[in-house]
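Please build the complete structure, drawing on both the sequences and the hints.
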Amino acid sequence: MDGSPMGDKAKCQHLSDAQDVKNCKQLCDLPHAILLRILAFLPMKDAVRTSVLSRRWEYLWTSIPSLVFGEQDEEDHRGRMLFRNFVERALLLRDLSSMKTFNLWCKVDREEYLDGDESRVNLWITAAIRRNVEDLRLHLKIGQGATVYRLPRCIFRCETLRELHLVMVHDLKLPSVVCLPNLKVLALAEVQFVADNSVEKLLSCPSLEKLSLDCCNWNLEVLQISAPNLLYLNILEHTSSSGIRNAQVRIHGAFIKSFDYCGGLLYDYNILSSPSLVEASIMCVHDEIEENFHEGTYHLHKLLKAVSNVKELFFSIESLEDMDEREEILNSLPIFPSLTKLKLDNCHIHLECRALLLLLSRCPILKTLEYTGSILVVSKNDDWTLDPMPPCFTSSLKEITIGGFQGTDWELLAVRILLRTAAVLEKLSINSSKRCSRNFRGNLTEHLNKLPRASSQCTILSDYFHQDFV
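Counting from 1, one number per residue, gives the positions in the sequence shown under UniProt numbering.
Rather than coming from a laboratory, the hints here were simulated on the basis of the structure. Treat the numbers as computed from the prediction; the structure is a model and nothing was measured. Ideal Cβ placement from N, Cα and C applies to all residues, glycine included. Everything hinted at is true.
Ranges between beta-carbon positions, derived for each pair:
| no. | residue 1 | residue 2 | range |
| --- | --- | --- | --- |
| 1 | Arg-89 | Ala-33 | 22 to 30 Å |
| 2 | Val-278 | Leu-357 | 21 to 29 Å |
| 3 | Glu-327 | Ala-254 | 33 to 41 Å |
| 4 | Asp-387 | Lys-427 | 23 to 31 Å |
| 5 | Leu-330 | Trp-384 | 17 to 25 Å |
| 6 | Thr-408 | Gln-457 | 21 to 29 Å |
| 7 | Leu-461 | Asp-46 | 42 to 50 Å |
| 8 | Lys-141 | Met-283 | 26 to 34 Å |
| 9 | Ser-338 | Ser-207 | 23 to 31 Å |
| 10 | Val-278 | Gln-72 | 41 to 49 Å |
| 11 | Ser-338 | Thr-394 | 16 to 24 Å |
| 12 | Asp-46 | Ser-429 | 42 to 50 Å |
| 13 | Met-283 | Ala-454 | 26 to 34 Å |
| 14 | Leu-357 | Asn-182 | 46 to 54 Å |
Below is the structure:
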């Protein structure tokens with residue numbers, strides 16, 4: 001128990017606050033901090049309206065730590081004017097206390113007004129920066145008239161900023177100096193990068209821990225991401241892009257724990273010096289253009305080598321199908337010496353898929369295998385066996401999960417093969433789809449439990465009975 005003076009003082013303050021709340025007979029009697037907390041859950045306009053309730057409420061809203069302003073897409077000229085005037089009055093009347101969050105969703109169009117939206121929007125953002133904002137969230141819809149829109153420079157020199165979220169279908173023009181010493185979270189969506197060294201400075205802030213790049217266009221031949229404390233990296237990429245094809249993205253991060261990618265692998269990603277990488281998710285999306293398909297498969301192969309030391313891998317069926325058509329890639333798949341959990345995202349997958357079997361053969365200590373969709377065998381031979389036989393099936397694989405099970409003969413054959421092959425399996429979980437009751441007549445769980453299995457310790461779990469009542 002903490003017997004220090006500071007500890008005793010904190011306890012007394014806590015008891016005093018609790019007693020104050022207990023003695024309150026009406027809402028306005030609550031402590032100032034609690035009232036502000038209540039206002040924080042209200043839409044901004046409703047929070048301002050509370051100023052008419054009583055003298056206690058009149059200026060209370062001006063101390064709200066988080067401000068959220070959102071313009072409706074369908075607003076007409078008058079509606080847009082009212083929105084802008086409301087934002088400006090709210091910022092003008094707000095006190096000078098520090099701001100925790102400033103969240104702005106609006107259009108920016110130069111031709112709409114004589115003074116333009118750009119200068120007004122930038123003044124709002126600057127007002128938040130001057131109040132030491134910690135979390136800045138901007139969703140700016142740039143109009144055709146604002147062809148050279150620039151965010152205010154003060155954003156990129158804000159020492160209090162801990163999170164920056166920016167959605168903007170426009171060129172991101174950065175100042176020559178970027179200094180965000182306390183930025184921990186950076187999320188950019190739809191922005192278009194220009195050939196400028198400042199981009200690398202922004203993506204390599206010294207305290208950055210989480211970086212998210214959502215459908216951004218690179219116009220750089222080489223991009224370096226060198227945030228020394230980066231832990232989580234998330235990249236969502238367009239399947240087609242107006243950026244430079246085959247651009248190199250070099251990721252340096254000794255402490256990266258998680259890498260999450262989804263896209264067409266139009267760019268060449270290299271993850272360098274990342275011994276702490278624990279989990280990776282690679283979701284490939286097919287491209288109809290043959291040239292892009294071959295480039296993407298090559299980039300996928302390099303990326304798999306870069307993440308080969310992970311413990312958990314989430315992989316898409318499209319990725320496997322892409323590799324299945326490239327013999328030279330199949331023959332040089334990396335070994336995953338530390339991988340204990342493999343999750344395959346699929347609608348359905350053939351157990352005969354050579355790329356799947358080769359991938360499993362490269363996972364010597366795999367313990368958990370999960371299929372989000374169904375798995376089937378189209379062979380008419382009930383004695384069909386895995387070829388090549390993954391070593392983990394006889395030594396380490398303890399748990400298999402199958403999703404979207406429809407109860408077809410092909411799926412039941414796949415289950416039989418898995419059961420008679422996995423020698424140390426402890427649990428097989430089957431999640432049924434609504435079609436299962438139409439395809440399989442009878443008690444599925446009872447049928448599965450009668451199947452022969454290589455492991456005497458294996459338990460079969462099925463939610464089939466729950467599906468009967470859906």
